[in-house]
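**Student:** Sequence:
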Amino acid sequence: MADVTIREAGVDDVDAAALADAYRDAYAANRELGFPAKAGSATPEQVIEWLREHRVFVAETEGEVVGGVRLERADAGTRKLSRLGVRERWKGEGIGSRLLERAERAARNAGAGTMRLTTPGEHPFLPEFYYAHGYEIVDDYPLDFRDYDEVVMEKSLD
15 MADVTIREAG
25 VDDVDAAALA
35 DAYRDAYAAN
45 RELGFPAKAG
55 SATPEQVIEW
65 LREHRVFVAE
75 TEGEVVGGVR
85 LERADAGTRK
95 LSRLGVRERW
105 KGEGIGSRLL
115 ERAERAARNA
125 GAGTMRLTTP
135 GEHPFLPEFY
145 YAHGYEIVDD
155 YPLDFRDYDE
165 VVMEKSLD
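Be aware that the sequence shown starts at 15, since it is given in our numbering, and climbs by one per residue.
Simulated from the structure, these hints should not be mistaken for laboratory data.
Hints may be right or wrong, so weigh each one.
[Said to hold, decoys possible] Cross-link-like lysine-lysine pairs, in silico, DSS-like; alpha carbons within 27 Å at most:
#1 Lys-169 <-> Lys-105
#2 Lys-52 <-> Lys-105
#3 Lys-52 <-> Lys-169
All figures in this text were calculated on a predicted structure; none of them were measured in a lab.
All chains should be modelled from the sequences, with the hints used to inform the complete structure.
**Tutor:** See below:
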């Protein structure tokens, strides 16, 4: 595996088009599995908005953006993880786990005690990925605009 750097990204130091392309590539498999997500059609303009409104961490190797994750403030003690994605050809290399761990560390350093996320409950591997990282299902998250529902998963950061 090539040397991968995980870092916080800002509007002025990441190529928004490259990050949007990485998200579209990362989420293509979910679309094929019947779990389309907004990140699967990310545009550079949307990515710039995410960078302005939230904390975004990227994975880069050899000058290429290969993944990203977004960290949102839910309330004083909780952060929400979203938009975790890794380019298809880099999946299975531990990059998703490293992005997740980096976001958790940032949330913990900001004083959050809980990390929350939503994911399709019937997805063939995403809930298991999060279980393996200490997350537990705490609630259902019905989606009126999709053909599937999601679950809310949480992890204590204490």
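**Student:** Compare the structure with each hint and give your call.
**Tutor:** Structure-based check of each hint:
1. Among the hinted pairs, Lys-169 with Lys-105 is consistent with the structure: their alpha-carbon atoms are about 23 Å apart, no more than 27 Å.
2. For the given pair, Lys-52 sits about 20 Å from Lys-105 by alpha-carbon distance, which is consistent with the 27 Å threshold.
3. Between Lys-52 and Lys-169 the alpha-carbon distance is near 24 Å, which keeps this suggested pair within the 27 Å criterion.
Checked against the numbered hints above, the structure violates none of them.
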